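*Asks:* Take a look at the letters that make up each chain.
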Amino acid sequence: MSEVLVVTDPVNGTVGKPALELLTLAQRLGQPVAVVLGDGAEAAGPTLAEYGATRVISINDPAFTESLVAPKAEALAQVAASVSPAAILISSTPEGKEVAGRLAVKLGSGLITDATEISEDGSTVQSVFAGNWTVRASVIRGIPVITVKPNAVTPQSSPAPGAVEQVTVSISESAKGARLVKSEPKQASGRPELTEAAIVVAGGRGTAGDFGPVEALADALGAAVGASRAAVDSGWYPHAYQIGQTGKTVSPQLYIAAGISGAIQHRAGMQTSKAIVAVNKDPEAPIFALADLGIVGDLRTVLPAATEEIARRKD
Amino acid sequence: MKILVLVKHVPDATGERRFAADGTLDRSSSDGLLSELDEYAIEQALQIADQRDDVEVVALTLGPHDAADAIKRALQMGASAGIHINDDAMHGSDALATSAVLAAAVTKAEPDLVICGMASTDGVMGVIPAMIAERLGWPAATLGATLSVTGSTVTIRRDADSASLTVEADLPAMVSVTDQSGEARYPSMKGILAAKKKPVETWRLADLGIDPATVGLEAAGTKVLQTTPRPPRESGKVITDEGGSGVAALTDFLATGKYI
Numbered sequence: 000m001s002e003v004l005v006v007t008d009p010v011n012g013t014v015g016k017p018a019l020e021l022l023t024l025a026q027r028l029g030q031p032v033a034v035v036l037g038d039g040a041e042a043a044g045p046t047l048a049e050y051g052a053t054r055v056i057s058i059n060d061p062a063f064t065e066s067l068v069a070p071k072a073e074a075l076a077q078v079a080a081s082v083s084p085a086a087i088l089i090s091s092t093p094e095g096k097e098v099a100g101r102l103a104v105k106l107g108s109g110l111i112t113d114a115t116e117i118s119e120d121g122s123t124v125q126s127v128f129a130g131n132w133t134v135r136a137s138v139i140r141g142i143p144v145i146t147v148k149p150n151a152v153t154p155q156s157s158p159a160p161g162a163v164e165q166v167t168v169s170i171s172e173s174a175k176g177a178r179l180v181k182s183e184p185k186q187a188s189g190r191p192e193l194t195e196a197a198i199v200v201a202g203g204r205g206t207a208g209d210f211g212p213v214e215a216l217a218d219a220l221g222a223a224v225g226a227s228r229a230a231v232d233s234g235w236y237p238h239a240y241q242i243g244q245t246g247k248t249v250s251p252q253l254y255i256a257a258g259i260s261g262a263i264q265h266r267a268g269m270q271t272s273k274a275i276v277a278v279n280k281d282p283e284a285p286i287f288a289l290a291d292l293g294i295v296g297d298l299r300t301v302l303p304a305a306t307e308e309i310a311r312r313k314d
Numbered sequence: 000m001k002i003l004v005l006v007k008h009v010p011d012a013t014g015e016r017r018f019a020a021d022g023t024l025d026r027s028s029s030d031g032l033l034s035e036l037d038e039y040a041i042e043q044a045l046q047i048a049d050q051r052d053d054v055e056v057v058a059l060t061l062g063p064h065d066a067a068d069a070i071k072r073a074l075q076m077g078a079s080a081g082i083h084i085n086d087d088a089m090h091g092s093d094a095l096a097t098s099a100v101l102a103a104a105v106t107k108a109e110p111d112l113v114i115c116g117m118a119s120t121d122g123v124m125g126v127i128p129a130m131i132a133e134r135l136g137w138p139a140a141t142l143g144a145t146l147s148v149t150g151s152t153v154t155i156r157r158d159a160d161s162a163s164l165t166v167e168a169d170l171p172a173m174v175s176v177t178d179q180s181g182e183a184r185y186p187s188m189k190g191i192l193a194a195k196k197k198p199v200e201t202w203r204l205a206d207l208g209i210d211p212a213t214v215g216l217e218a219a220g221t222k223v224l225q226t227t228p229r230p231p232r233e234s235g236k237v238i239t240d241e242g243g244s245g246v247a248a249l250t251d252f253l254a255t256g257k258y259i
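Chains as they are written, first to last, in numbering that gives the first Met the number 0: chain A, 0 to 314; chain B, 0 to 259.
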C-alpha cells in the first residue's frame, strides 16, 4: 500500500490536534508517514504512532529556524523523491500553505488548499466564497499536495509502529534567502487555538471594549476567544484573534457571537460553524439570520449570568 | 528602484459569486473590483516611493478584459504605469500556471522588488507569492505587517500566532503584506485625472514565451468535480431576554447540545 506523507509540527514535542486529524485522513489514502521538520520528533513519536503513523521521518536542519518556509519545502521535496507518496497532507496554516505551494511547483503537482474533507478516492471538499459554495475537486497531475483546515475530522486512535528515523537533507543556498533575524515569542493565551477550537466565543462592538464577559464565558466552556474586525480596529483585542475575511476563518462545533452585528466580512469567517448562537441588543442585526439561537439582549447581562449558571451546573 | 505590484481583479464579495458550467469562477456574475487585500500592497509600494526620488511603481495584473480596472485603480492611487496580461488561453488556469505566467512577467519587467497582497479575496489560497518566488529562485519575505527597504535589503515583520518574526532578504525579492500593514490611501481627484494619462502595456502569452498548451483549464493539475451552493442557514429561535429568559435559553441550548 502506498505511503502518505503527513507534515506534523510538534511544538515542544507536543502534537497539535490538526496534525492528528491529518493522520486520520491520511489513512483513507494509504499508510501515514509523519514528517517532523524541526525538533521534537522523539517526544512526539508515541502520539504520532498512536494516531496512525507507520513511521516518523525526523529532519532537523538548522535552516528551518534560520530561513522562512523555503527550506521546509526543499526538505519535503527530497523526502517525496525517496518515498514516492500517494499524497502529501499539510495543515492549512499560513506557513503550511506557502510550503505546499513551493512543494507543488517543485513536484509539478496539482495543489488543493483549505480542504475540509478528503475522501478515499482522493477527492477533496472545500468551502468557498465565504461558505456559500462547496466544491469537490481532485488533483489530476503529480503527487497530490493538499492543505487541510483544522476541525476537518475527529482524530481517531489507530496504533501503528511509528518508529522515528532521523534523516538529513541538503538545503540549497537559494532556499535560505529569507533570513529569520529575530523571533519574539508571543505570550500563550492559555486558551485553545482559535482555528482548532471546538467552541468559540467572539465579541464585537457591543462589548464596548470590555471583553471580560466574553472571556469568562469562553473559560467556562473551555472555548477560544475571537473578535470582530470592529473590536480589533478599535484596539480592544489583538488582530491575531480577528475572525472574518481579513482574519481567521473558523468552523467550530459552536460559535457564540456576542455584540457582533454580523456584517458579511465577519460572516465569511464563521458561517460554516455547526451551531451559531447570537447575543445582540439590536433585533435587526444580520447575525440573527444565521443563528440557531438568537438572544436579543445585553451581552453584559446575558453572558455573566450564563457563565454563573454554567459554573453552578458543574457543581 | 522599480517596484512591481501584482494586483487582481475579483468579483465583489458582497455580490453573488457563482460558478460557470465548466467549474470556473463566473466572473460575469458579480461586478469586479481591485481585490481589497491588494490595496495594501499598492499602499506599501507608494509609501516607499513617497520617501525616495528614484522609485517607479508599476502595477501588473493577469486577467481578462475587465481586469484593466484593477490597474486603473492602482494608477489612481499613484502607481506610475501598468501592465495587463490578457490572453484567453489563461481561462481556467490553476495556481501552477498562474504562477508560471506571473514569474515570466516578473522576469520580463525586471523589478527590484515585487509586492503582493496576502491572498486574493476570491481564491483565497495565499500561495502565489511563494510559488512565483520558487520559480524565480528569489527570496520571499511574506505576510509582512510592516515593510521597509534599506539599501538593497528588504525587511518585514511577520506576525505569526506564536511569535513575531523579523525577516530580511536581499533584493531582488518577493514580498507580501497583510491588511495590518497600514491603511491604503484613497485616490485623490488629482490622482484620478492623472491616471488617465499613465501608460498601460498589454502583454500576451507569446510576449512571455509561454506555450498556451501549458496553461488554461485543460492543463490544470486539479479538476473541479462538482460545485454545490450551500443552502442558506435557516434562522432558528430568536427570543428577547426578559427576566432571565435569555440566559435560560442559552444555558438550555448549551446543555441540550452537550457543550456543558
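You may find that some hints are simply not true.
[Claimed, not checked] Simulated crosslink set (BS3-like; lysine-lysine; CA at most 27 Å straight-line): (1) A/Lys313 / B/Lys107; (2) B/Lys107 / A/Lys247; (3) A/Lys273 / B/Lys107; (4) A/Lys16 / A/Lys273; (5) A/Lys105 / B/Lys107; (6) A/Lys280 / B/Lys107.
Source of the hints: derived by calculation from the structure; they are not laboratory data.
These figures come from a predicted structure and were not determined experimentally.
*Asks:* Does each hint hold? Answer for all of them.
*Replies:* Each hint, compared with the structure:
no., hint, result
1, A/Lys313 / B/Lys107, "66 Å, violated"
2, B/Lys107 / A/Lys247, "36 Å, violated"
3, A/Lys273 / B/Lys107, "48 Å, violated"
4, A/Lys16 / A/Lys273, "18 Å, holds"
5, A/Lys105 / B/Lys107, "22 Å, holds"
6, A/Lys280 / B/Lys107, "56 Å, violated"
Against the hints set out earlier in the document, violations occur for numbers 1, 2, 3 and 6.
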